[in-house]
Amino acid sequence: MEEASVKLLELTDVTIRFGGLVAVSGLTFHVNPGELVGLIGPNGAGKTTVFNIITGVCPPTSGSIVFSGVSVGGQRPYQITARGISRTFQNIRLFSSLSIFDNVRTAFNLHLKNGFFGSVWRGGSFRTEEAEVRREALELLEIFGLAAYADLPCRSLSYGDQRRLEIVRALATRPKLLLLDEPAAGMNATEKLELMKLIQFTKERFGLSVLLVEHDMKVVMGICERIAVIEYGRKIAEGTPAQIQKDAKVIAAYLGEEASDARS
Amino acid sequence: MNEFLQQLINGISLGSVYALIALGYTMVYGVLRFINFAHGDVFMIGAFSAMFGHSLIKRSGLVMPDWLVALVVLTLSMVVGALLGTLIEKLAYKPLRERPRLTVLITAIGVSLLLEYVGQLVFGAAPRGFPSLIESKSLGGFGSLQLSSVQITVVLVSGGLLMGLRAIVMRTRMGLSMRALSLNPTAAALMGVNTNVVISFTFGLGSALAAAGGVFYASLYQAIDPFMGVLPGMKAFIAAVLGGIGVLPGAALGGVLLGVLETLVVGYSKVLGIPSGFRDAVAFLILILILLFKPTGLLGKAHREKV
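Sequences listed follow chains A and B, in order.
Residue numbering for the first sequence follows my numbering, beginning at 1 and increasing consecutively.
Residue numbering for the second sequence follows my numbering, beginning at 1 and increasing consecutively.
Since the hints were made in silico from the structure, they are not lab data.
No residue lacks a Cβ here, since even glycine has one placed at the ideal position from N, Cα and C.
Careful, some of the hints might be misleading.
Said to hold, decoys possible - One side of the interface only, derived from the structure: several residues of chain B facing chain A at Cβ under 8 angstroms:
| hint | residue |
| --- | --- |
| 1 | Arg171 |
| 2 | Thr172 |
| 3 | Arg173 |
| 4 | Met174 |
| 5 | Leu176 |
| 6 | Ser177 |
| 7 | Ala180 |
| 8 | Asn184 |
| 9 | Thr186 |
| 10 | Ala187 |
| 11 | Ala188 |
| 12 | Leu190 |
| 13 | Gly192 |
| 14 | Val193 |
Sequences are here, hints too, so could you generate the full structure?
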């Protein structure tokens with residue numbers, strides 16, 4: 001069927017330069033609706049930069065980014081978030097001294113009608129909206145087993161729970177595409193297994209597409225339907241986990257040239 | 001004892017003015033992590049707007065009760081202050097958002113000098129009398145203790161403004177966005193917070209408070225000039241550092257503390273053996289001591305960056 005029109009996110013020939021450094025060069029790839037795509041590469045390959053480009057933190061030097069059929073290149077981060085892209089961070093970036101509930105509420109504000117004067121006046125429509133936010137936020141927190149702690153400051157949560165809260169906060173912006181930046185970092189084997197289940201559950205429950213940057217190959221190979229590999233800002237391979245594991249260029253990128261020579 | 005109470009009241013009224021200005025420093029520091037040195041000049045413009053607003057109302061021949069005149073004049077100068085603050089941010093600081101903080105800091109000093117010397121050009125360098133917005137009368141007293149209506153009004157209205165600010169920051173959606181932005185700008189932007197709007201709002205709010213501070217300061221001392229913002233601005237900055245920069249209750253506390261300390265030093269200059277001319281040195285001595293022994297300020301928390 002019309003494959004070109006159903007892509008959720010499509011990057012075409014995206015390049016970004018920081019001064020003389022080309023961090024991402026001619027990158028073309030896409031995410032289909034409902035798909036779980038992995039983005040991997042050695043350290044410094046430009047994975048997080050790709051996230052920053054997609055979310056509008058670093059606008060690309062050239063190339064196009066189309067999300068849900070709309071060109072979002074050059075839009076501000078909050079506008080892109082409003083269109084349905086949300087993310088979590090490699091190093092947790094919660095609002096540390098705010099309560100768990102307020103962390104989620106910040107992300108809800110995006111879709112609320114009552115602005116500053118609404119919240120000063122505190123009229124009927126504001127209060128209904130506020131009650132609605134509270135209900136929805138608690139519902140989300142409940143799903144991730146955090147509702148009981150809603151009024152505690154978020155830094156009192158354990159590391160794993162903070163990661164979960166980041167996902168809840170990201171979901172509160174009502175995304176169509178969720179970007180996860182190394183969610184397994186710092187987790188042990190059991191926690192990683194739980195995380196894999198959690199990611200798949202979240203994707204199904206909220207009907208999302210997921211783009212995952214991750215170093216842990218077990219996690220990536222275990223849940224991704226498709227994987228793109230980048231090295232020095234260029235895409236060197238793309239395919240199913242099985243294809244990627246056999247790809248000579250990928251092996252060379254990860255193990256170094258000599259190792260792949262030795263194999264062949 | 002009475003004399004001490006008298007000095008305390010004087011100190012609190014001066015301190016509440018410092019507190020109002022200090023809040024603006026600390027709020028801007030909270031969202032942008034830099035010290036807006038032009039803040040003291042917004043305070044000066046606030047006082048001048050009140051003066052012109054007052055004479056406009058008097059000349060228009062409208063008959064209004066005195067309290068209404070005072071309220072209109074105060075509101076007007078706060079609006080002028082808010083507009084000026086957001087304008088300064090848009091024109092001078094926003095283009096430098098991605099630049100090193102030092103660049104912005106030096107620009108702030110430039111803006112400050114610009115406002116002072118343009119003020120001198122437009123308003124003249126000589127001090128001008130400030131109209132009494134609140135009828136100055138003694139509210140009687142207890143023995144030799146004198147309560148002036150101006151002082152009491154300044155303290156009460158400042159207190160009201162502080163409560164209002166607290167309500168905005170803690171209870172409105174914009175306030176939540178401000179807190180989120182000050183804790184983590186990138187994450188806030190990616191969670192759908194329109195950072196430019198929040199930053200403009202913060203500048204507007206802080207500058208409105210500074211303008212109100214200008215009106216109160218002028219009401220207490222009844223004279224204004226284009227350089228009137230320099231010292232109170234510096235002292236409010238010290239108050240913000242004293243309370244813990246970036247912490248709102250800290251700015252309020254630091255302001256009042258500094259006002260009281262300064263007044264006490266002047267009041268007891270003979271007893272302490274410090275010439276009263278050293279009143280301004282007190283503030284800077286406090287700054288040096290705070291930076292040496294408790295750089296995070298009284299209510300500030302040590303800030304650790306987790307990587």
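Quick rundown of the hints versus the structure:
no., hint, verdict
1, Arg171, "7 angstroms, holds"
2, Thr172, "4 angstroms, holds"
3, Arg173, "5 angstroms, holds"
4, Met174, "5 angstroms, holds"
5, Leu176, "6 angstroms, holds"
6, Ser177, "6 angstroms, holds"
7, Ala180, "4 angstroms, holds"
8, Asn184, "5 angstroms, holds"
9, Thr186, "7 angstroms, holds"
10, Ala187, "4 angstroms, holds"
11, Ala188, "7 angstroms, holds"
12, Leu190, "5 angstroms, holds"
13, Gly192, "3 angstroms, holds"
14, Val193, "6 angstroms, holds"
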